[in-house]
Every structure is written in C-alpha cells, then in structure tokens.
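There are 2 protein chains.
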Amino acid sequence: MNAAGREILAGNTRAAARLMRDLDDEIPAAIRTLKQLYRHTGRAYILGVTGAPGAGKSTLVNRITTRLRKRGKSVGIVAIDPTSPYSGGAILGDRIRMQEHALDEGVFIKSLATRGHLGGLSRSTIDIVNVMDAMGKEIILIETVGVGQDEVEIVKVAHTNLVLVVPGLGDDIQAIKAGILEIADIFVINKADRDGADKAMREIETMVSMSSFKEGEWKPPVLSAVAATDKGTVELLEAVDRHQEYIYREGNLSRYRREKARVELVEILKTRLIEKAVADLDAHGLLDPLLADMANKRKDPYSISEKVVNHSFAFHFLNGGRKKSIKGKGSPR
Amino acid sequence: MNAAGREILAGNTRAAARLMRDLDDEIPAAIRTLKQLYRHTGRAYILGVTGAPGAGKSTLVNRITTRLRKRGKSVGIVAIDPTSPYSGGAILGDRIRMQEHALDEGVFIKSLATRGHLGGLSRSTIDIVNVMDAMGKEIILIETVGVGQDEVEIVKVAHTNLVLVVPGLGDDIQAIKAGILEIADIFVINKADRDGADKAMREIETMVSMSSFKEGEWKPPVLSAVAATDKGTVELLEAVDRHQEYIYREGNLSRYRREKARVELVEILKTRLIEKAVADLDAHGLLDPLLADMANKRKDPYSISEKVVNHSFAFHFLNGGRKKSIKGKGSPR
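If you read the protein sequences in the order shown, they are chains S and B.
Note that the first sequence covers residues 0 to 332 in numbering that gives the first Met the number 0.
Note that the second sequence covers residues 0 to 332 in numbering that gives the first Met the number 0.
Accuracy of the hints is not assured; some may be wrong.
Each pair may be met inside one copy or between any two copies, as identical chains are not told apart.
To be verified - Computed list of lysine-lysine pairs in DSS-like fashion (alpha-carbon distance at most 25 angstroms, straight line):
1. Lys306 to Lys275
2. Lys198 to Lys213
3. Lys198 to Lys69
4. Lys230 to Lys72
These are calculated hints, taken from the structure and not from any lab test.
Every value quoted in this text rests on a predicted model; they were computed, and no experiment measured them.
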C-alpha cells in the first residue's frame, strides 16, 4: 500500500479528496491506489436515494444525514447530478448542497457533475463510493435522479434503495419507472402533506401487492414523509434498519455482494473497453477513415462493430495461462 | 437487399414496426437488414427535443408534428422514455402519447421504454432513427429528458437540437445542464405565460452572450412558447429552418455527418463490446469465479478490466489485411 492509500485508510479527508480529483483526471498512480484500496472496501452500508427532479432528494438526504450523525455514524454522500450550473455563475438559481453538514468532519460530500463522453459517470460513482468505503465512512448515500440508464444501474451497488415519489406532479414525472420498480426496497411518498398523498400511497401499495413475493422475501414497505419538516425520517430509518437485517442474512448478503461485483465489473469494463477501442482505432489511423466511410454510407456502424468485436477477446490469460482463446468468427458479410 | 429491407425502403409501416421489434429481440436477420438499410439513411432531417420531465416536450412535439404535417412532411417520432408505466396498469396516471396523430399514416411513433442492462437505450434509439430514415420519413423528432449520460450523447445525432426550459420550477429541475448547453441550437422558454418567464429568458440570453462565437458561427436564439396553446410554434419552426440553412452549408454539413457517425459508432460498439466481453467471460467459465473473487476482495475490478482491455484489440483486419496488431501490454501489477 502506497502513502496515499495509507492516508485514505486512516480516514484522511484531504487525501481522499485528492485521490478523487486524480481519478477524475485519470492519473495512473491514482488508479493503482484504487486497486489497492479495493480489498479494504465492503465495510460501508450503501443507501441509494432515487427520485425525479423536485422529489426532495437533497432535503431527505440532509435529514437522514442529521439522524445518522446523531447515532454517531460517519457519512459519505455522492450526489449524481448532471444538472451542473453554468461555470461559476448562478443560472436560474445556484444551489449550495447540504450547507448544514458542510463543516462537519464526519460527513464527506462529493457532487458528480462532469460527464465524460464515453460513459464516465457510472464508473466515477463506483470509484468514489469505493474511496469513501475504504476511508471508513460507515454509511454512504448515493443521491440520483434515476432517469438515465446508467443512473438506474448504478444504484444496484446499494444495500438498500429508497425510491421517492411525490403526489400531484404531472404524470410525466410521476409514472413509476420500470427500472426503478425492480430496485426499490422502500418507497417513500415525500411531500405527503400535499393533496393526492393518500391516493399515491394506495396506488403504490396496490402495485407492490400485485407483485409476487416468495416466502421470506423482502416486500417493499410504502412510507410517507415530509422531508422539509423532518416528518417521517425516524420511521424511514427504522425501515432501513429492518432491510439491513434482511440483507445481512447469509444468502442475501452473498447475493448482494455478487450483484455489486457484477455492476462494478460491467461499468468499469464497459468504459475501459470503448475508450481503448476508440484510442486504438485512432492510433492505427483507422478512426477518421471509418467515420468518413460511414458519413458517405460506404460502411455501416453495425458491420464495423461486429468486426471489431469478433476479433477482440481472448481470455486465456485470466484462465491460469491455459490457452483457450475465442477465435474471431469472421464477418457474416 | 432482402424483402424486409425493400418493404421498408418503400415506406411500409408494418415492415418497419416488425424490424424494430426484431431488433429489440436481437434477431440476427434484423441486424443484417439494418446493415443494408444504413446506406439509404441520411436523407431525413433529425430534430432533438430535450427538456426535464414536466417541461412540456410531448405537447411541443405534438404541435410541431401538426405544423409539419400541414407542410406535407412525413414525420417519425422517437420518444426516449424510461418512465414506462407499470405493465398494463395505470400507475399514478397512464398517458397515451400523441393521440392526435396516432391514426395518421404519415406519422410513425415509437416509444422506447425498455432498457437493457448493458446500455441498450442509445443503441436502440440509433437503430430506430435509421429505420425511420430509411423508410423515408422526412423529419424525425427525438424526444428525450436529457438527464442521463446516454440521453445527452444520443441527441448529437440530431441536425438541430431544441432545449426546453420552464420558468419557475425548482432549481433542482432548472439548473441548466452542462452537457445540454453544448448541444443546444435553439432554446425554448416553454410555458412562457408563467411568472418568471422574462427572468428565465434574460438569464439564458446572458448565458449565451457569455459564450464566444466565431465569425459566422451559429448563436442559439432564445424563443418563448406556450405549447399548450400553440403559441410560438410557428416562430420556433422558422428558427429551425434558419438552423437547417446553417447546417446545410458545406463545412457544417460534413462536420455534422462526421459527428453523427462518431456517436453511432461509439454507441453501437460500446454496447457490442461489453455484451461480447461478458458473454465470452461467461462462456469460458470465468465470470462467476471473477465475481466471487471480487466479492471476497481477492481481486479488484480495475485490474481485471485492465487485463481484459490490454489483451483485447487487434485491428489489422480493418487495415487492408496488413498485420499491425496492438500487443497486450501485460498488467502493471
């Protein structure tokens, strides 16, 4: 373990912030540190908070953080926020996140606003959660809109997922996301003092009751809250505790860990593969001619991708050195 | 060209719908048809309509479609909508898209609600736009929330991008997205009869004026509209016409076509690469052991990804057969 890694394992906030910045800049030494830190992860409890813009995620995360701090827990917060205000200026309202906890040493807040072109948001989130985990944060909150594909996939790294719903918004916001249904462990009707809260609760309860659950399987409870006035936060955290008990049961925990590993591997590998493929095509002087051929309709992206993919993988090096590569199958046309 | 392809080139709606369904199911014959159709694409004018949930995208798309139909144009609409209502039921409000145009033969509507686990949304959008283009739709509208990473990337295939902003919503919705700023060709303050419309317009105009534009470069106009009452639609389409003139200028068009090709290749290749990598790892019996090693912290996803990537690409087959492969660099640890 290098010096940076040791500082992070000791909980050094400044070292962790520096590593996150270096990972953003893709500095090789930072990735080496992260590799070494990975084996020290797996201690944090990860809590996903998903909801449409305007659902009150930040407010709820703030309330939860206050309660967790009172329990003496250290907290990490990752806000996946592609809605970054224009550089330096207040465009239609700037916001300062979590002002209440900004000076609390026990709370580490990281907002992810930048996006790479090749899918860096999911990978960055995984990196940051792992750094926070390694530095000893006991609870890590991931706040996300859950609208994009990557955003839904990423919360699968959480032990427990809260899905926020607000009564009385337009159905454009309100329609429950198919992908989010799969991942919800606890539903929260937030802003429950609004008209339509009972209706929203009944509808989600009906929806949950329409799903079939196996004996002993977790059935998502539907709670109500008014995060703005802290109403319902205690009950919410009690539900999280109950889900934690459920997740910590033998079979469930290993299933969760395997799923977390799968998401981590897929997201990291996906980003690396496309970065390398594009860089290599470019280094061979192939990228520009291929794009020109596509623009002129002499080539199509499906055939190009098929050729690249068919000639790409050979995994014997992962297989104890035994040579068992998958041969390129050639192209069907 | 096979029979299915010929039917689609002739504008057959049923054949196009069938191909889209088969592409969803990843039927090989459908991908072969799509490869052949690709060279017949590039005739449609693609219009992106991006805005947060509740911004009034569907309503505006509806209004635009009505106007385009009056001009005698055939229209394709792709709604990227991860907010799919729960199977078959009306959960917190079901919505029927574009009822007005549902029976119009000149309008083809496809809503993309399903999501694959490995990034299928962008790729599906590209596929559908290409099918609509090949079948002869003159204008293709892509409606998207633009919140997720994939969703922002995907609208780069459009010739012209409209970005919708609504005055007076919470800043959670309202903060202009960094990624969307890059892609906006025309800003639309929708629901401009609401309080705060003038303020929103001034702020976006200020923001645009702070950016530097080269001589002759397109400067995004900021328009106002009330899509619900059709106010501003005519002026909006006039702005689209002006942008079309701009884009059709020699250098601009080739730059656009190259960028479209880049997005298509990257998105298609990205999906194919990760699908193939995971399938091959699994076929070699390597996936489960790797995930177990990760769960037990004996291996980390960064090192695994690095090894896979370093041993993956060899592009001589794209390079006129000349052998010039990139050797695996081994792993740094």
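Going down the list of hints, with the structure as the test:
1. Taking identical chains as interchangeable, the C-alpha atoms of Lys306 and Lys275 lie at most 25 angstroms apart whether they share a chain (16 angstroms) or sit on different chains (12 angstroms).
2. In this assembly of identical chains, Lys198 and Lys213 lie within 25 angstroms of each other by CA distance neither inside one copy nor across copies; the values are 27 angstroms within and 54 angstroms between.
3. Proximity of Lys198 to Lys69 under the C-alpha cut-off of 25 angstroms is found in neither arrangement, the shortest distances being 34 angstroms within a copy and 41 angstroms between copies.
4. In this assembly of identical chains, the alpha carbons of Lys230 and Lys72 lie at most 25 angstroms apart only when taken from the same copy (21 angstroms versus 54 angstroms across copies).
Violated hints for the displayed structure, listed by number in ascending order: 2 and 3.
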